[in-house]
Amino acid sequence: GQQVMQIPQYQHVQEGEDFTTYCNSSTTLSNIQWYKQRPGGHPVFLIQLVKSGEVKKQKRLTFQFGEAKKNSSLHITATQTTDVGTYFCAGHHAGNNRKLIWGLGTSLAVNP
Amino acid sequence: SAVISQKPSRDICQRGTSLTIQCQVDSQVTMMFWYRQQPGQSLTLIATANQGSEATYESGFVIDKFPISRPNLTFSTLTVSNMSPEDSSIYLCSVGDRGMNEAFFGQGTRLTVV
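Going line by line, the protein sequences match chains A and B.
Take 1 as the starting number for the first sequence in this note's numbering and just add one per residue.
Take 1001 as the starting number for the second sequence in this note's numbering and just add one per residue.
Bear in mind the hints are in silico, worked out from the structure with no lab data behind them.
On a predicted model such as this, the values are computed, not experimentally measured, just so you know.
Be careful, since some hints might not be right.
Listed next, the in silico DMTMM-like pairs over lysine to aspartate or glutamate satisfying Cα-Cα at most 25 Å (straight line) [claimed, not checked]: (1) A:Lys99 with B:Glu1054; (2) A:Lys51 with B:Asp1064; (3) A:Lys56 with B:Glu1058; (4) A:Lys36 with B:Asp1026; (5) A:Lys99 with B:Asp1097; (6) A:Lys99 with B:Glu1058; (7) A:Lys57 with B:Glu1102; (8) A:Lys51 with A:Glu17; (9) A:Lys36 with B:Asp1097; (10) A:Lys57 with A:Glu67.
From the derived model, a few chain A residues whose C-beta atoms are all more than 10 Å from chain B [stated by the list, open to error]: (11) His12; (12) Gln48; (13) Arg60; (14) Gly103.
For every residue, glycine included, the Cβ atom is placed at its ideal position computed from N, Cα and C.
Using the sequences provided together with the hints, build the complete structure.
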């Protein structure tokens, strides 16, 4: 079936270190979205990538969409304690714009 | 963006009973979804709530267990029927526009079945 794999599942970093989470789809995606869920909260939309090879930046966050539109990454530079949470990727598979296929999420812990 | 009010925020229920969760949106939306999220896990789509017709359920979820209503473009309910401890989870309402735009979520309902 359609799957989006996401690694790592957990990541502990020292404040100031960089962090990267990766998503890989078994099939071509129409788009990739990234969400952040704080502990006890609900997922909050961060960004959407649509084009092959697209790169977008939000301050310390850099998002990439692979050339084949099957993989994506989120990179955080110089993590801060406010970055703590679980980061999910989610995408629509080509030909199905009804529902999002979600990655398993990467939980980030930042030690001050 | 859309502002979503989901109620109740949490509940503790006896097994065998039913709980209805409400989702109210501040604007008309095309797509409304119901998810379940176990602690520390990803989101699992239960169903798509269709306005004026029966919901579209995902594999493993059935209408008798999770009846859904969507009387208009701003409101939906999810009922968790004949609850068992295995139904303890967080239930999330989500909305989006047709055309693959971002999803917005309610605050979630934390359900504990005892």
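### Task
Output the numbers, in ascending order, of every earlier hint that fails for this structure.
2, 3, 8, 12, 14
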